[in-house]
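Here is how the chains run, residue by residue.
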Amino acid sequence: MTNTITIEIDGQPHQSADASLSGRRIKELRGHLDGRLLKLEADDERFVADEEVLDLRGGEQFTFECEVEEHRHHRHRRKRIVIEVDGKPYETRRHELTGAEIKALAHKPPGNVLYRITAERQRVEIGDTQPVHLHDGEKFVTTPPVGHAS
Amino acid sequence: MSPEEERALTALFGDGVREHSEGGLRLITLPAVPLPVGCTPATAFGIYVATPYAGYQSRLYLEAPVRLASGVIPPTSPALLLGRTMHAASIQAIPATLPLSEAILAHIRRYQLAA
Chain A
1 MTNTITIEID GQPHQSADAS LSGRRIKELR GHLDGRLLKL EADDERFVAD EEVLDLRGGE
61 QFTFECEVEE HRHHRHRRKR IVIEVDGKPY ETRRHELTGA EIKALAHKPP GNVLYRITAE
121 RQRVEIGDTQ PVHLHDGEKF VTTPPVGHAS
Chain D
1 MSPEEERALT ALFGDGVREH SEGGLRLITL PAVPLPVGCT PATAFGIYVA TPYAGYQSRL
61 YLEAPVRLAS GVIPPTSPAL LLGRTMHAAS IQAIPATLPL SEAILAHIRR YQLAA
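Line by line, the protein sequences are chains A and D.
The first sequence begins at 1 in the working numbering and counts up one residue at a time.
The second sequence begins at 1 in the working numbering and counts up one residue at a time.
If you're looking for bench data, these hints aren't it; they were derived computationally from the structure.
This one's a predicted model, so the numbers in the text were calculated from it and none came from an experiment.
Backbone N, C-alpha and C fix where the C-beta goes; we use that ideal spot for every residue, glycine too.
Heads up, none of these hints are tricks.
Some, not all, of what chain D presents toward chain A, calculated at C-beta under 7 Å:
{"hint": "1", "residue": "Glu5"}
{"hint": "2", "residue": "Arg7"}
{"hint": "3", "residue": "Ala8"}
{"hint": "4", "residue": "Ala11"}
{"hint": "5", "residue": "Ala93"}
{"hint": "6", "residue": "Ile94"}
{"hint": "7", "residue": "Ser101"}
{"hint": "8", "residue": "Arg110"}
One chain only, chain A, in its complex shape (with noise of 0.2 Å):
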């Protein structure tokens, strides 16, 4: 039985039964081979060669930077959000990050709890492999698993 990895290419879920996949091959996944392949990283981007072969463990996402015509470079990248995490400024360009990632992007132990903050001040805990749609501005904070009653 095979098993398949979704990845998403500019937005859009694209499926293989190879997890081990070419910047070429991803680029032909997405239709087309224009442009340079971009990797989204929690805090980062960076370029993907069409010879570099990269593990995937699916939910990666990748975006592209393409030449159009009067030498002109046309970004098809995604707006750079800030969200904030117990007070800190951190910045991804990716609008969906789980619990865990965001912790891992704000550089907090995994064991800690995380909450998102609402606009009523109201916290509501945020499991690790729960998606979050982040939002420009958002707060976070955490917290370590620390106390007890007595």
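Start from chain A and add chain D according to the hints.
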């Protein structure tokens, strides 16, 4: 407190978070502490003691004892802080060395876990 701590505390507890010093204690006033769902009151004025005090590593005092969602009111001990009588449940092992927002949230989380 650092600018980051102040931003996090303001996001959590509203404008007017202030740091005070009284009797050798580092005190942080919290205008409105939202308590876990089902607790009464739902929101309370709070003072966080960011100094080892009364046998505890840190303490979170609230303006009134809290009734949990289960109906139980955990025992509290009173203290006169900044001219107000405040009440703290017995919560151990939250180091005062933690960043302020993390420590205060750890105290509040105990009310959620006990509810």
